[in-house]
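*Asks:* When we follow our numbering, the leftmost residue of the sequence shown carries the number 22, and every step to the right adds one.
Keep in mind the hints are simulated off the structure, nothing from the lab. One should not assume that every hint holds.
[Unchecked claim] Simulated DEER-style distance windows between Cβ atoms:
1. 214 with 404: 43 to 49 Å
2. 243 with 220: 34 to 40 Å
3. 468 with 534: 55 to 61 Å
4. 245 with 355: 55 to 61 Å
[Claimed, not checked] SDA-like, lysine to any residue: derived pairs with alpha carbons at most 20 Å apart:
5. 450 with 471
6. 104 with 122
7. 283 with 250
It should be emphasised that the depicted structure is a prediction, and the values quoted were computed from it without experimental measurement. Where is the CB? At the ideal position from N, CA and C, for every residue including glycine.
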Amino acid sequence: MMNESASGTLPQWYRTGIGRPETADEVRGYWIFVLGVLLGVVGIVLFLPSRTASPLREWAIVLAGSGLALALAGPVIRLPLRKRANRLAYLGLVLCLVAVFWFLFVFPAGWTRSNWLGIIGLYAVGTAAIAAGGVLVPLLTPSATEMAERERDESRGEVADLRAALEDAGVDEAEAQATIDRLRERESELAEEVDRLRADVAVAEDDEADLAAQLRSLRSSSARFEVYEDAGGEYRWRLRHRNGNLIASSGEGYTARHNAQKGMQSVRRNALGADVLFLESESELAPEDESFEPVEEVGSQAAFELYEDRGGEYRWRLRHENGNLIAESSEGYTRKRDAERAMERIRDYAGSADYLRFDPTAFETYRDAAGAWRWRLVHRNGNILADSGEGYTRRRDARRAIDRIREGIEELSFERYEDRAGESRWRLKSPNGDILADSGQGYADARGAAEAIDRIREYAPEARVLDLGEAAFEIYEDKGGKYRWRLRHRNGNILADSGQGYAERRNARDGVESVKRNAPNATRDAAAPDAEDDAEAAEESAESGDSGTDGESDGAPDA
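Please work from the sequences and hints to get the whole structure.
*Replies:* Here it is as structure tokens:
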């Protein structure tokens, strides 16, 4: 097939007037034929009024002879013949044109018997070559169809040989296809793992600068410890900022200076890596003589169990060595490896996860799957009131956007609009037109959007800012009045929940501490229970009163 992009006026005219050519020779042969006809007609017209041995007759013979040769060669060139036939036709055309030019130089003065015999003989040889290219070569050589048949027969023989070789080798096509499917599945798994590792590497690289800055800040201080003797003759210490503000004090006096120094050194050693426990009131404080174990220093006393429930989905649970369930998966997984990956995420996130506290709202800063920093305003009932709408390359840029909204909410303008789905939405704009926040969800009518705007104006200025890491624990009260906890990833997915309700919030908090203490180093129980064992365990838990029956994760996270 001739290239459609072939440029030129003549090919374009051919495509327009005749059709799409198969080869370039088809177009070339057609226009050679047309040119030959035109030259022949002009030569005949000039020959009629010319006189013998006149210049007009000379040019008439030249044009007519050239036209005849072109008219003969054009159809031969245009035919879909072999290359040797076309070459012979071109050669004959060249011989004819040479004879015509020879005639032009000798006529009429040199038009003798010896000359005209040579000229006419050369012209005859040229026409014979053109005719041979169009007639004899196709007859004496195999046709394109015969060549195709031969090639096809040869190909069939090769295919038969290959099939025989495959049969002799005993290759099982089904096994080969199964192997290919397994390799493709493995390739898909490896690709997912590579993507996850790349994302982790990107997050690590992005956090490197922040960690370096934090390390530098840890090595420097804007405060100093002061050891002094109070009016009662006891030694005390205090930590005072350079601006004069008192940051911390010993709380009690020591009879000797070196005892006060030991207390100060203990604070310096333990403060940096100390855990944080949020309490509702002073009444929940543990007694001073009550001891506790830091998370990092306690080995795991629990094990993960992976099982298949009655619905055919894979789940996991974390069981203490005393038999109590302290955590379980919040959803089922269709593939076992997905459940195993979920267990690994719990090991990675539980130990370092902090508590989230919404009173009644708070700003969360987090990093999305693409590595961009975002923020959202979350109510303690779990609803997202607003979000950033766009990602930021740095955490501090997201914090600046939050501060701008908290401090200048009255100077910013809200805009209500209707999206493509017909739902009402709002967005928050700065004086220069930049979009700082949007609703993140649609409302059935304009009234709902207006009420949402009022809530933003009410809650945003006083909302705390929470730096959400990879995951965080939330404690909430379910519909049955039971306290529960859940571990939520920064993307909003629930990774784990308590699986049971607690009569008091403090007990739920103890459950969180148990998970933080045991999950990171928990092993997997080799004897994974089945669905029936799971049902029996659930019934025993319900009979013992340890589990709430009507508490789904729709309550308010309180701590």
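*Asks:* Does each hint fit the structure? Answer for all of them.
*Replies:* Evaluation of the provided hints:
1. 214 with 404: 43 to 49 Å: Given range 43 to 49 Å: violated, Cβ gap about 35 Å.
2. 243 with 220: 34 to 40 Å: The hinted range 34 to 40 Å holds for residue 243 and residue 220, with Cβ atoms some 36 Å apart.
3. 468 with 534: 55 to 61 Å: violated, 44 Å
4. 245 with 355: 55 to 61 Å: holds, 59 Å
5. 450 with 471: Holds - the C-alpha atoms of residue 471 and residue 450 are around 15 Å apart, at most 20 Å.
6. 104 with 122: Given pair residue 104, residue 122 is violated - Cα atoms ~27 Å apart, limit 20 Å.
7. 283 with 250: holds, 15 Å
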